[in-house]
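A.B. asks: Residue numbers (this note's numbering), protein chains in the order written: chain A, 768 to 994; chain B, 4 to 260.
Check each hint, because a few of them may be wrong.
Here are the computed lysine-lysine pairs in the BS3-like style, where the Cα-Cα straight-line distance is at most 27 Å [as the list claims (entries may be wrong)]:
#: 1; chain 1: B; residue 1: Lys229; chain 2: A; residue 2: Lys959
#: 2; chain 1: B; residue 1: Lys150; chain 2: A; residue 2: Lys959
#: 3; chain 1: B; residue 1: Lys254; chain 2: B; residue 2: Lys150
#: 4; chain 1: A; residue 1: Lys959; chain 2: B; residue 2: Lys82
#: 5; chain 1: B; residue 1: Lys254; chain 2: B; residue 2: Lys82
With beta-carbon atoms standing in for the labels, derived distance ranges [to be verified]:
#: 6; chain 1: B; residue 1: Arg92; chain 2: A; residue 2: Leu965; range: 21 to 31 Å
#: 7; chain 1: B; residue 1: Pro32; chain 2: A; residue 2: Thr875; range: 31 to 41 Å
#: 8; chain 1: B; residue 1: Gly97; chain 2: A; residue 2: Thr875; range: 28 to 38 Å
#: 9; chain 1: A; residue 1: Leu831; chain 2: B; residue 2: Ile65; range: 27 to 37 Å
Below, a sample of chain A positions facing chain B; criterion: calculated Cβ distance under 8 Å [unchecked claim]:
#: 10; residue: Ser770
#: 11; residue: Phe774
#: 12; residue: Ser777
#: 13; residue: Lys782
#: 14; residue: Gly802
#: 15; residue: Tyr861
#: 16; residue: Gln862
#: 17; residue: Val868
#: 18; residue: Leu871
#: 19; residue: Thr875
#: 20; residue: Thr954
#: 21; residue: Ala958
#: 22; residue: Pro960
Think of the hints as simulated: they come from the structure by calculation, not from any bench. C-beta atoms are modelled at their ideal positions from N, C-alpha and C, and glycine is treated no differently.
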Amino acid sequence: MNSLVAFYRSTIGKKILMAVSGLIGIGFVILHMAGNLQVFIGQNKINSYGAMLHGPLAEVTWLLRLVLIVAVIVHVLMAYQLTQRSAAARPIDYQHRSPQVSTLASRTMKWGGILLLVFIVVHILHFTTEAIDPAGWRGMTDSQGHRDVYGNIVASFRIWWVALFYIVAMLALGLHLYHGAWASVRTLGFAKPSPHPLHRRIALVVAAIVWLGFTLVPVGVIAGIIR
Amino acid sequence: MNLTLHVWRQTGPDTNGTMERYEARDVSPDMSFLEMLDVVNEGLVEAGQMPIAFDHDCREGICGSCGMMINGVAHGPSKGTATCQLHMRTFEDGASVYIEPWRSRAFPVIKDLVVNRGALDRIIAAGGFISAQTGGAQDANNIPVAKQDSDDAMDAAACIGCGACVAACPNGSASLFTAAKISHLGALPQGQPERNRRAQRMVLQMDSEGFGHCTLYGECQEACPKEISIDTIARMNRDFVGSTVAAREEKALGGTG
Chain A
768 MNSLVAFYRS
778 TIGKKILMAV
788 SGLIGIGFVI
798 LHMAGNLQVF
808 IGQNKINSYG
818 AMLHGPLAEV
828 TWLLRLVLIV
838 AVIVHVLMAY
848 QLTQRSAAAR
858 PIDYQHRSPQ
868 VSTLASRTMK
878 WGGILLLVFI
888 VVHILHFTTE
898 AIDPAGWRGM
908 TDSQGHRDVY
918 GNIVASFRIW
928 WVALFYIVAM
938 LALGLHLYHG
948 AWASVRTLGF
958 AKPSPHPLHR
968 RIALVVAAIV
978 WLGFTLVPVG
988 VIAGIIR
Chain B
4 MNLTLHVWRQ
14 TGPDTNGTME
24 RYEARDVSPD
34 MSFLEMLDVV
44 NEGLVEAGQM
54 PIAFDHDCRE
64 GICGSCGMMI
74 NGVAHGPSKG
84 TATCQLHMRT
94 FEDGASVYIE
104 PWRSRAFPVI
114 KDLVVNRGAL
124 DRIIAAGGFI
134 SAQTGGAQDA
144 NNIPVAKQDS
154 DDAMDAAACI
164 GCGACVAACP
174 NGSASLFTAA
184 KISHLGALPQ
194 GQPERNRRAQ
204 RMVLQMDSEG
214 FGHCTLYGEC
224 QEACPKEISI
234 DTIARMNRDF
244 VGSTVAAREE
254 KALGGTG
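Just chain B, same shape as in the assembly:
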C-alpha cells in the first residue's frame, strides 16, 4: 500500500516547525506504524536528508515511549493501543496521514515528533511513591488487600506515562495521568501513610507545570492505550479535598500549619 504522509518537522526546541509531505511507498499492511516510519526514514537517509525523529523503545506497547498525533487522534485510530502497536492495515491504501507531536506547553518539542515529557516525571517525583520499610522483605499476603482495591490499583497502575491523555485533552490537562498515579497508590494499604500529602503535592505539581484543567470531555480515556478510566479522576478529586481538610485539622491541632 502507498500513503501520503504529512509530518511535523522541527529541527530543534527553539526553531519553528512546518508540516512536510512524504510519500510512503510499498508499505506492508502487517507493518507497525513505527516500522512504516523506519522505512520512510531509510529512504530519507539514502536521499541524504534528516530522518524523522520519533520516540520509541519497547515497541510492544508497554514502555510508554512512543506516541504521536495521527490524523488528529492520539496514538491513531485503534482503541487501547500505543503507536507501536498500531498496524498499517488500519489505514486505507492511498490515504493521507497527518502526523504531529503531542501539543502541550508542558511538553516542549525537542525535535520533529519527540517531546520532553519531564513534566510527568516531576509529578511522580512530587509524591508518586510510598514509604518503604527497610530490612527483610515481608511475607507475601502479610497485608490483606480487598479484591476490589487490588483490581482498582492494578487498573490504574497500567498507566505507562505516554502522555496521550494530555495530547488528546482539548484543555491539555494531565488529570488522567495524575489521577492514575494517585489512584494506583491510594487504593492500596501500603499507600495510605502518604495518601493526603501525595494528592496535595502531585496536584499542585501538575498545576505548576502549566497543564490545563479537567472538563471531563472524556477524550483522555478514549485515547489512553491502557484504557484507564476517568473514574480515577473522581478519586483524585476526593483525595485532594481530603488532603485540604486534613491539612486544616493538622493546623488546628498543631497550631503552626
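This is chain A alone, in the form it adopts within the complex:
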C-alpha cells in the first residue's frame, strides 16, 4: 500500500491532521482576537481595519480564508472518523467507569467542538455576510464610508441573547484550546519528555488569553465601556 495512503488511513495519521489543522486554528484565533481588541481604541480604528482586510488586503484575506476552510473541513472530518472508530472500539460499555485524571476539557472536545462549529457558521452569517442581523445593522456605514463593524458589535451585544451566545461559545473555545493546544503538540511528537506530562501550563496561558481577549468585547459592551 502507498505509504501516504497508509498514513492517512491510520489513527495516528488522522490525529496528526487534526493537530496540524487545530494549530492553524489556534494561530487564526489569536490573530482574530488581536484584531477584535481594536474595538477598544474606537470606531474608526476597527472599521478601517475591516475595510483594509476587504480592500487592499482582499487577496491575502481570501488566501487565509481558503487555508482556514480547508483546516476546518479536515479537522471536523478527522474528528468524525476517529470518533466513529472509537465508538466501535468498545461495543459493550462498563456499568461503572470513573475517570481518574482526564480533564473536563478533554471530555468535552466532541460536544464543545460541535458547539464551536455551529458558532462559526452563525458568526460568519452575523458579522461577515450580515445575513443574520439581530440588531438591524445590515449595510450600515460610518462617516468614512466604511462598513460599520463597530456599530454592529455594539448594537448586537446589547441584545442579551446574542451576548450570551458569544460568551458561552468563547467558554467552549477556551476549554477546547486548554486540551487542544496541549494535545496537538504531543500528538505531533514535539513535546519534550517530562516527569509530569499531564501538566499543561502553556495551553492554559493560550486558552486563557484567547478566552479573555474574545470575551472582553461583549462584556465591554454590556458594561458600557464600548458604546
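Got chain A sorted already, so can you dock chain B onto it with the hints?
C.D. replies: What follows is chain B alone, placed relative to chain A:
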C-alpha cells in the same frame, strides 16, 4: 471485613453476561484482591456453583496476567499496582465493589472476567522485536548506550502487557501499550535497523485490531501498573511519521515502493 461484590458473570464468549451479587464475608484486610476472590470462589464451589473465572499467574505484579475493572478503575484504586498487588485494606468495611472485565472490541470475553488479549500479542508479532546476530554473544558494553536512552528504554520496557491502558481509555485505545513497545526498542542502538518498519507495522496492526484512537485523556498513564508515561506516545507518533517519510524516500530511490 465484609463486602458486597457485583461481579460480571458470563458463561462463554457467545453468551450474554450479567452482573451478579455476592457477599464476601470475613475478608482479611491483609488479603490481596485475588485472594479475596479465591475465598469467595471456595464458597461458590462448596455451594455447588461455578467459581468466578479470572486471569492470574505470578501474583507479584510482574506477569501482566491479572486485571479487572474495580469500581470503574482499571486494577482498582491503588496507583501503580496490578490487581494482584491490590490489598483489601484499601476498601472500607461494608463497601460495594463492582468488578467487570476489560471492555474492548479487541478483547473478547472468554469467561466472566477473563478476556482474550491476543490482539496485544499480534501487535508485538508485527514488529516488536530486533534483528539478532547469530554466533557467540557480544561482550558486555560493546555497544555504548547513553544513560538517558537506557533509562527511557527501561522505563518503557516495564510494560507487562496487562491491557489496563486499553481498559481505562475512554476511546479503547492501545496507544500506550504500542508506544511502550516501540519506545523500548526504538530508544536503543540494537533497535535501530528495524525502527521505521517496527513503527509502521505495529501501528497498522494496532489499528487493524479495532482499538480506538488516542485523545491524550491521560487515563492510561494513571491506570498503568508500571506507570508508563504518555511521553512514549509522542515518541511513537514521531517514529510513525518518520517511517512514512522514510518509505517515501525509499520509493523515490528504488522506484518500486
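A.B. asks: Verify the interface restraint on serine 770 of chain A: the C-beta must sit less than 8 Å from at least one C-beta of chain B.
C.D. replies: holds (4 Å)
A.B. asks: Holds or violated: is the Cβ of serine 777 of chain A closer than 8 Å to a Cβ in chain B?
C.D. replies: The hint holds - serine 777 of chain A has a Cβ within 8 Å of chain B, the shortest such distance being about 5 Å.
A.B. asks: Given the hint that lysine 254 of chain B pairs with lysine 82 of chain B, test it: the Cα-Cα distance must not exceed 27 Å.
C.D. replies: Outside the cut-off at roughly 46 Å; violated.
A.B. asks: So, as I understand it, the hint says glycine 802 of chain A touches chain B; can you test that by seeing if any CB pair is closer than 8 Å?
C.D. replies: Status violated, d = 31 Å.
A.B. asks: When you check the alpha-carbon spacing of lysine 229 of chain B and lysine 959 of chain A, does it fall within 27 Å?
C.D. replies: OK: lysine 229 of chain B and lysine 959 of chain A at ~21 Å, within 27 Å.
A.B. asks: A closest beta-carbon separation below 8 Å is what the hint needs, so does threonine 954 of chain A meet it against chain B?
C.D. replies: holds (6 Å)
A.B. asks: If you take the shortest Cβ to Cβ gap from leucine 871 of chain A to chain B, is it below 8 Å?
C.D. replies: Hint on leucine 871 of chain A: violated, closest Cβ of chain B at ~11 Å, above 8 Å.
A.B. asks: Please check whether valine 868 of chain A passes as an interface residue: C-beta within 8 Å of a C-beta belonging to chain B.
C.D. replies: This interface hint holds because 5 Å falls under the 8 Å limit.
A.B. asks: Does alanine 958 of chain A pass the interface check with chain B, least Cβ-Cβ distance below 8 Å?
C.D. replies: holds (5 Å)
A.B. asks: May I ask you to test the interface hint for glutamine 862 of chain A with respect to chain B, counting a Cβ-Cβ separation under 8 Å as satisfied?
C.D. replies: holds (6 Å)
A.B. asks: Hint threonine 875 of chain A vs chain B: min CB-CB distance below 8 Å?
C.D. replies: With a minimum Cβ separation of about 11 Å from chain B (threshold 8 Å), the hint on threonine 875 of chain A is violated.
A.B. asks: For the hint on tyrosine 861 of chain A, does the least C-beta distance to chain B fall short of 8 Å?
C.D. replies: With a closest approach of 6 Å, the tyrosine 861 of chain A hint holds.
Of the hints listed earlier, those the structure fails to meet are numbers 3, 5, 9, 14, 18 and 19, in rising order.
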